[in-house]
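Q: Sequence:
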Amino acid sequence: MNQPVNQTAAPAQAAHARPEINSPMNPVYRRRLLQHRIGMLFSFLAMAAGLVVLAWILLTLMIKGFSAINIGMLTQNTPSPGGDGGGLLNPIIGSLMMVGIGTLISTPIGILAGIYLAEYGEESKLAQVTRFVTDIMLSAPSIVIGLFVYAIYVANVGHFSGWAGTFAISLIAIPVVVRTTDNMLKLVPSSLREAAFSLGAPRWKVAMMVRLRAVKAGVVTGVLLAVARISGETAPLLFTALNNQFFSTNMNQPIANLPVVINQFAMSPYDNWVALAWGGALLITFSVLALNILSRTMFSQRVPG
Numbered sequence: 000m001n002q003p004v005n006q007t008a009a010p011a012q013a014a015h016a017r018p019e020i021n022s023p024m025n026p027v028y029r030r031r032l033l034q035h036r037i038g039m040l041f042s043f044l045a046m047a048a049g050l051v052v053l054a055w056i057l058l059t060l061m062i063k064g065f066s067a068i069n070i071g072m073l074t075q076n077t078p079s080p081g082g083d084g085g086g087l088l089n090p091i092i093g094s095l096m097m098v099g100i101g102t103l104i105s106t107p108i109g110i111l112a113g114i115y116l117a118e119y120g121e122e123s124k125l126a127q128v129t130r131f132v133t134d135i136m137l138s139a140p141s142i143v144i145g146l147f148v149y150a151i152y153v154a155n156v157g158h159f160s161g162w163a164g165t166f167a168i169s170l171i172a173i174p175v176v177v178r179t180t181d182n183m184l185k186l187v188p189s190s191l192r193e194a195a196f197s198l199g200a201p202r203w204k205v206a207m208m209v210r211l212r213a214v215k216a217g218v219v220t221g222v223l224l225a226v227a228r229i230s231g232e233t234a235p236l237l238f239t240a241l242n243n244q245f246f247s248t249n250m251n252q253p254i255a256n257l258p259v260v261i262n263q264f265a266m267s268p269y270d271n272w273v274a275l276a277w278g279g280a281l282l283i284t285f286s287v288l289a290l291n292i293l294s295r296t297m298f299s300q301r302v303p304g
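Going by numbering that gives the first Met the number 0, the sequence shown opens with residue 0, and the numbers climb by one from there.
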């Protein structure tokens, strides 16, 4: 009598004969593991190279910059060519004025534009155009912004001024705030909006009082990152605010600022000016570093789920 054939024996034996997917005996697994290790090796080498260059820059900056840091640098005006002593008081005050006013201009514009994009961006052609222009401004070189302000403002009034520099850095900060606000508002769960709508709240109040309040920490982070971005911009200020050797708070005239002074002093043949340039560069670096640390620690907040 013919014996019944076990239908599951052959597949079971074949499966047992094949190596496991993640077994070292599997050639496909070995090839993928090799590719993974090669990719991780190149990634590690690229990261190490970047960190080495960054550490080299920071070490050089600290060695040369700390030697110029003193009380006189923070309390005295820039010295005359070839003069001894002096400081960076006037460019520090000028930079604080322009960055401060530029932040006051760019913050409300950027936040309101970001709210418009997040709330009406899916159903408005204007929002799509605004988002496209914002992306272009984010990637545009800052010198282009400076030339634009020079053409429409400086060339018409006939002189450089602190206001021109403020407008230039404001145009650089606005797209940063817009993009950050737009992205943060998109993280708010739809259920939170629907709950507010179910209570009868109008759309503008939901956007301002519910969505924006839920991500206020992220929006503040975007504002601080924008401030860090514009604090060290040199190219647009060369065409707008220029420089002033003397102490001045008149925003309608050329005004001293740290980026332009560093650029001018670093290329000079005077040792005192070069030392002050290193000190100013270290001051800007630590200021930007402090803003980045502040934005990532004190204002870190999770979006409510």
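In case anyone wonders, no lab produced these hints; they're calculated from the structure. Treat the hints loosely; a few may be bogus.
Unchecked claim - Here are the simulated EDC-like cross-link-like pairs (lysine to aspartate or glutamate), alpha carbons at most 20 Å apart as the crow flies:
1) LYS63 <-> GLU193
2) LYS185 <-> ASP270
3) LYS124 <-> ASP134
4) LYS204 <-> GLU121
5) LYS63 <-> ASP83
6) LYS185 <-> ASP83
7) LYS185 <-> ASP134
8) LYS204 <-> GLU193
9) LYS204 <-> GLU122
Computed from a prediction, not measured in an experiment: that's the story for all the values here.
Q: Give a verdict on every hint.
A: Here is what the structure says about each hint:
no. : hint              : in the structure
1   : LYS63 <-> GLU193  : 57 Å, violated
2   : LYS185 <-> ASP270 : 52 Å, violated
3   : LYS124 <-> ASP134 : 16 Å, holds
4   : LYS204 <-> GLU121 : 19 Å, holds
5   : LYS63 <-> ASP83   : 18 Å, holds
6   : LYS185 <-> ASP83  : 55 Å, violated
7   : LYS185 <-> ASP134 : 17 Å, holds
8   : LYS204 <-> GLU193 : 13 Å, holds
9   : LYS204 <-> GLU122 : 19 Å, holds
The earlier numbered hints that this structure contradicts are 1, 2 and 6.
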